[in-house]
Amino acid sequence: MTGTTMPLTGADTLVIDGVALESRLIMGTGGAPSLDGLGAALVASGTSLTTVAMRRYSPAETGSLFQLLVDHGIRVLPNTAGCFTARDAVLTAELAREALETDWVKLEVIADEHTLLPDAVELVEATEQLVNRGFKVFAYTNDDPVLALRLENLGATAVMPLGAPIGTGLGILNPHNIELIVSRAGVPVVLDAGIGTASDAALAMELGCDAVLLATAVTRAQNPALMGEAFKHAVLAGRMARQAGRIPRREHALASSAMEGRAEFL
Amino acid sequence: MNITLNGAAHTVAAGASLTALVSQVTGRPLSADGQATDGGRLGVAVAHNAQVVPRSQWHATVLNDGDDVELVTAVQGG
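Just so you know, the protein sequences line up as chains F and G, in that order.
Residue 1 is where the first sequence starts when you use the UniProt record's numbering, and the numbers rise one by one after that.
Residue 1 is where the second sequence starts when you use the UniProt record's numbering, and the numbers rise one by one after that.
Chain G on its own, in the form it takes in the complex (with noise of 0.2 angstroms):
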């Protein structure tokens, strides 16, 4: 299935959730409510389809084919 990650394309497995695709990308494992199971701060914030989407709701929202995600985090600025 191929979905649009921060503007380019992306490939996940059909019925991924956002967890699935954040821990994919971050590389750290998630638990249901969207906290990093290292027990430390993610740091980043997921919007789908131009809607942002709190990560307690990540785990109930299912990726469909041609979906856009942007996934940010802090960086140096201002």
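Pulled out of the complex, with its shape left as it was, chain F reads as follows (with noise of 0.2 angstroms):
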């Protein structure tokens, strides 16, 4: 058989802010039982960018996550997780800021512990104020194409739509708004929260996104590494797929073998 086949890893490389990026799966930290696990399920996922917290320095913890990515060679994108208002938002982004020397920061503002969905005000004026102060803002965001577009305007890096509530693995809750504000970007788009398995994100990837991003499915399975992995591929199959434009949808079936030229069985 002959014809292109486009490679793994190389040609489709995803570029954010001038920075080239290997893998289109951005992994998230929360919930590994242990550094070591962490570091395996990571480097299992061929990820080369991973979300971390900003929390007090404790002298008690072992061990430096951040190290541990330095030493992978996994950049590092600093989240705003726990802030439910605008201004705890830029204070932490300033915090991450100095401590890891980026300027990119996964803007999360959330509403309430409860859902953990972003609050839309808080999250816009945010994203005003931090675009304003030159970061480069990755907005964790509903899965609204009206807002999604309102962040892309205000200078958001990159939209990150969700596919459902953070930790909940109900995968991709409206693929129809998710296409919708890929159609409409014009940044990139990442699939962020809700996945919860390899599937999950195969579909992501085949309705546009440029990226998709995920923890907890990875951190908390039962083989951590073995999922890591599998989501890699995932990721890759759902690009692919995208590239390759999949066939229409049919109300009835279309025969693949040719009615012509049957054998005659008197």
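Please keep in mind that the hints were generated in silico from the structure rather than gathered at the bench.
Virtual Cβ for every residue (Gly too), placed ideally from N, Cα, C.
Be a bit skeptical, because a hint or two may be false.
What the hints assert, rightly or not - Label pairs and their calculated CB-CB ranges: (1) F:THR13 - G:ASP33: 31 to 37 angstroms; (2) F:LEU226 - G:ASP33: 42 to 48 angstroms; (3) G:ASP68 - F:ARG249: 56 to 62 angstroms; (4) G:ASP38 - F:SER183: 48 to 54 angstroms; (5) G:ARG28 - F:THR197: 37 to 43 angstroms; (6) G:ASP33 - F:ASP112: 40 to 46 angstroms; (7) F:ALA111 - G:ASP33: 36 to 42 angstroms; (8) F:ARG184 - G:GLY27: 49 to 55 angstroms; (9) F:HIS72 - G:ASP38: 16 to 22 angstroms; (10) G:ALA9 - F:HIS72: 34 to 40 angstroms.
From the two separate chains plus the hints, produce the assembled complex.
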């Protein structure tokens, strides 16, 4: 068989803010029981960008997550998890920029601890302030096409709509909205949150997302390293399927074997 | 002299700078520009009375009795 086969890596690099990311799988680090296990899962996933949270320094803490990421050559994306107001999110982002020496930030401003859903009003306010302060804002947002466009117009570097609430593993609850966000976006779209298993990530990429961000699905899997590797393949498969162009859906069957030239049995 | 560090009471020498405090807590010697002298990346940041202080300013920032300091680092999350 001849024909062009897309290489699995390299030729289809995601570029964000001028930085080439080898993998379209962005990993979170929350929920892992140990740093060693986390490191193995991150390596298996092939990720080149990974989120961390900013919390009070504790001398008792053994091992440094930041050092682990540096050692593996994984770029760090600090988040503002746990912030309920624009003020807290901006302060947290400033601390992260200072501590980790990056102006990339995953902006997360949640409404309440029960749903963990983004608070749209505070999110818009924080995006505006952070962009003005020179941050590259990766905005974690509701799956709302109107809000996504608004964040982009405010200067967000990437918009990251949720598939389902954080940690639920419910997959992509509103694929239509995700498709709509992708179709109108001029910045990278990253499906963030709600992913449960590999097929969810493949679907996100088939819908046209530029990348997928997930944590719990890997860190709390029975075998995190194996699941990390599964996601690596799922993201690649979904991306390739998107670029290959799927067949249209049809109401009725369509034979793939010709009816002409059949043998006749008398 | 008593300050609040990460929400808990903490004692520092009178006239101590943020550099002295960060070095004391992390156990790593720091140069005047706020970098670890062991060559590794420090990976921490400081808010002093709810204002983020760049590491280059730690040396020049002197603590006062009753000050509130938050010292943060990267942990698992997101």
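Evaluation of the provided hints:
Between F:THR13 and G:ASP33, the C-beta spacing of about 35 angstroms keeps the proposed range 31 to 37 angstroms intact. A hinted range of 42 to 48 angstroms for the beta carbons of F:LEU226 and G:ASP33 is consistent with their spacing of about 45 angstroms. In this structure the hint that G:ASP68 and F:ARG249 lie 56 to 62 angstroms apart at CB holds, the actual value being about 60 angstroms. Checked against the given bound of 48 to 54 angstroms, the beta carbons of G:ASP38 and F:SER183, roughly 51 angstroms apart, stay inside it.
For G:ARG28 and F:THR197, the Cβ-Cβ distance of about 42 angstroms falls inside the hinted range of 37 to 43 angstroms, so the restraint holds. In this structure the hint that G:ASP33 and F:ASP112 lie 40 to 46 angstroms apart at CB holds, the actual value being about 41 angstroms. For the pair F:ALA111 and G:ASP33, the supplied restraint of 36 to 42 angstroms holds, since their beta-carbon distance comes to about 40 angstroms. At roughly 51 angstroms, the beta-carbon separation of F:ARG184 and G:GLY27 lies within the given 49 to 55 angstroms, and the hint holds.
A hinted range of 16 to 22 angstroms for the beta carbons of F:HIS72 and G:ASP38 is consistent with their spacing of about 20 angstroms. Checked against the given bound of 34 to 40 angstroms, the beta carbons of G:ALA9 and F:HIS72, roughly 38 angstroms apart, stay inside it.
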